[in-house]
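J.: Here are the chains, one letter per residue:
Number of protein chains: 2
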Amino acid sequence: MARPTPLSGFPELLPADRFAEQHVLDHLRRTFELHGFAPVETRAVEPMDQLLRKGEIDKEVYVLRRLQAAEGEGDAGIGLHFDLTVPFARYVLEHAGKLEFPFRRYQIQKVWRGERPQEGRFREFTQADIDVVAKDELPFHFDVEIATVMAEALSGLPVPPLRIQVNNRKLLEGFYRGLGAADPAAVMRVMDKIDKLPADGVRDLLAKEDLDEEQAGKCLALAGIRTSDASFVDQVRALGVDDPLLDEGLQELAQLVEALAAVELDGVTVTADLRIARGLDYYTGSVFETVLEGFESLGSICSGGRYEKLADDGRNVYPGVGISLGVTRLLVPLISRGHLTTSRAVPSAVLVALVDEESRPLSNAIAQRLRARGVPTEVAAAPQKFGKQIRYAERRGIPYVWFPATGDGADQVKDIRSGDQADADPDVWTPPADDLRPAVVTPNAPTPTNDTRGATS
Amino acid sequence: MARPTPLSGFPELLPADRFAEQHVLDHLRRTFELHGFAPVETRAVEPMDQLLRKGEIDKEVYVLRRLQAAEGEGDAGIGLHFDLTVPFARYVLEHAGKLEFPFRRYQIQKVWRGERPQEGRFREFTQADIDVVAKDELPFHFDVEIATVMAEALSGLPVPPLRIQVNNRKLLEGFYRGLGAADPAAVMRVMDKIDKLPADGVRDLLAKEDLDEEQAGKCLALAGIRTSDASFVDQVRALGVDDPLLDEGLQELAQLVEALAAVELDGVTVTADLRIARGLDYYTGSVFETVLEGFESLGSICSGGRYEKLADDGRNVYPGVGISLGVTRLLVPLISRGHLTTSRAVPSAVLVALVDEESRPLSNAIAQRLRARGVPTEVAAAPQKFGKQIRYAERRGIPYVWFPATGDGADQVKDIRSGDQADADPDVWTPPADDLRPAVVTPNAPTPTNDTRGATS
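Protein sequences, first through last, are from chains A and B.
Here the first sequence is numbered in my numbering, starting from 1 and rising by one per residue.
Here the second sequence is numbered in my numbering, starting from 1 and rising by one per residue.
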């Protein structure tokens, strides 16, 4: 068989890079669980009618067909999920009687999009979602919690700085209504194009919504407001628009930004950005986006918001608030550009050398004593000359080679990076914590580009 | 939307049960990594020609089609993988230049089978595979290593006793050849039916392979040999058959059984069972099967063996040895019969009570101090009466409720199971290790049935 070629859009990692991904996934899981989020894993498939609900007919879905299907049997009526929200909404309805609400869950799984292959588009990728869902009513403090938990989960990741940008749909809708717009939702759709159109183009579209020049100017002024604290409230007030829904949105967003300002974060900043609307989605309150500085062209790698109706079974409505992190979208561009990997291609911290094939049980026993104390260890594949065994370790990035005692001597362990070698007891010796597992390394970490849209306060 | 119904063959777990699965998966991963096995994750799909190699046309594959495919575009030419061996073989060839051989990898992923729904058949399930693959030559000690690592991984799992049954294809082939069979492989195929046919039926089939009554009797005698040590060697020798391949097989199997007898195992036994042949698969030496005692009808839940040619790129041949554990097949029957779950439905060990909505930041700060020391903690959803907040914890299985100090008093923590309540400092207090995460529980653990095929020594 000839050497296979990669399938476009289906990224795969070499072991040293997979360790970096695992490091990130472990950190996410640990953070989510520390905050009481329960793990949920849903099946990979949903019935087609679920996947195409809400008229999402434009979703790029992979439909499944049984290879052994009888003639005329057609598709299996199921497709691969394209996100984790549709399956979670279905899971909540299916198991509602067995879940306790409010229900916090995290879900880290692959999703698939049946797209035409094109540069930078993934057809298979991992998402990490957190949501809180309640029965009938979900207090606003859960919006704060969701944003806090994801900010903490992103904090300290081995990636360039991340900027979480938050806004509130009530603020936008209330503002446009208070301004006199007949159809505030239509104005929001226009304003959502602000990054793709010149200001004049936006003004033209706003004019079609019967907004005069002054009104349009205020819409653009609103979209230009961006602060890292609650000072956006005064800037909005200064535009002289009054509406009860606007008040509610301002109050919610201020509460969110102030709560997040109190969280200790490393490499993550949070700003109120009144330009964010999150497209035509079903969000009704808080909305979140996240950009990776220096990689703005990737778009938002972590997004979400409040939706008044995650699910509805006719008797109960289930409101929710959630954020979805595109793990593959965040990591694979860094890994493939060589900005993120780990120090070795195997978990082993120690290679136990082999004196000769007959003494393999002795080397195995040493390895087992090290493993019993949590030290990942492998035994040399063949009793080559020690120099060759050391090179075997070197090629895999294994930092220590262990030499079993011969004759009266003691066992010895060698740090093959420094060359230091010393007597050691396999029931006592432990490598430094940093050497215990593959260390994340960020070679040539990219310098964030100067972002001209920096926070104004 | 009406309440959705489950899809047959696509099992999903409630959070308390998912914790049990996670516990097992974490234990597997930890064991594999302690032995130096590197993590590999392959994409979920393979080109159809890969999936249908080796004439495996009978495999139940799910074929993918893009919903948005242009008319006449047809299937996408890819299907979901039905095991982890085909993708791993492809991965080895694709990345051979970047891997170090011998290459140890573990892979824990979902696989899919496009089967008709039927009781007990999964269409989506998780497998945990370990393999060692080499370039051109793979010494026998890796067979011992693979069996040892999987035995250790199975050791101490919260499941009924497991019996690993090992054999060797060289032993079988050499025996049949030494016996005078013209087509030893055909005899092996007959003997593989021994569990499904009466002895007379097997004798009839052996007669068709030109084996006389005495020869057939020896085949049946061989299949009846089963020992937990190397005493099978003498029992085979007593049948008076001589062949160099038989000698090799006996020597390998004895080495394997003796090495495994030296491993400390909990709930796992290893026996040489000369009936095992692993069907018509591509194994060429060691073969492994595993039965769950009391659940023999599930078939083998952990199987594998040595194959001389995992992959072949025209320049190099890649021999391998591996075992695949059916995680879903092992756990879901236990979970669905109520024999395996965990003590709670949330990760939280502590619920911090809420005095009133205004003091939420205070409760949040307490929670954050507990989390900083690794204690999973959530804050009450609403400032209900404390009795209600305690019941909120109770329903989720959260063992501790934390009461923030009011007035001059200290914070207090209550073990809601015992009712014990005491002063506590969120920077110091830690729950007992057993309470830190959901504890695996095995209610009404099934008693293994008396197995009439018990080891003979």
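No lab work stands behind these hints: they were computed from the structure.
Some clues are possibly wrong.
The list cannot tell twin chains apart, which means a pair is met if one copy fits it or any two copies do.
[Stated by the list, open to error] With a Cα cut of at most 25 Å, we get these calculated PhoX-like pairs of lysine-lysine: (1) K59 - K110; (2) K98 - K388; (3) K135 - K388; (4) K135 - K385; (5) K193 - K208; (6) K193 - K59; (7) K59 - K388; (8) K388 - K110; (9) K59 - K135; (10) K196 - K59; (11) K98 - K193; (12) K218 - K135; (13) K196 - K309; (14) K309 - K208; (15) K218 - K196; (16) K385 - K208.
Nothing here was measured: the structure is a model prediction, and the numbers come from that model.
J.: All hints are to be evaluated individually against the structure, with a verdict given for each.
T.: Checked hints:
1. K59 - K110: both (16 Å within a copy, 24 Å between copies)
2. K98 - K388: So K98 and K388 pass the 25 Å test across copies only (19 Å; inside, 59 Å).
3. K135 - K388: between (64 Å within a copy, 17 Å between copies)
4. K135 - K385: Only across copies: K135 and K385 sit 20 Å apart there, 68 Å inside one copy, limit 25 Å.
5. K193 - K208: within (15 Å within a copy, 78 Å between copies)
6. K193 - K59: within (20 Å within a copy, 49 Å between copies)
7. K59 - K388: Neither: 54 Å inside a chain and 44 Å across chains, both beyond 25 Å.
8. K388 - K110: For K388 and K110, neither the intra-copy (41 Å) nor the inter-copy (38 Å) Cα distance is at most 25 Å.
9. K59 - K135: neither (28 Å within a copy, 44 Å between copies)
10. K196 - K59: For K196 and K59, only the intra-copy Cα distance (22 Å) is at most 25 Å; the inter-copy one is 49 Å.
11. K98 - K193: neither (43 Å within a copy, 45 Å between copies)
12. K218 - K135: Neither: 38 Å inside a copy, 69 Å across copies.
13. K196 - K309: Answer is neither; intra-copy 30 Å and inter-copy 55 Å both fail.
14. K309 - K208: neither (31 Å within a copy, 69 Å between copies)
15. K218 - K196: within (19 Å within a copy, 81 Å between copies)
16. K385 - K208: neither (81 Å within a copy, 54 Å between copies)
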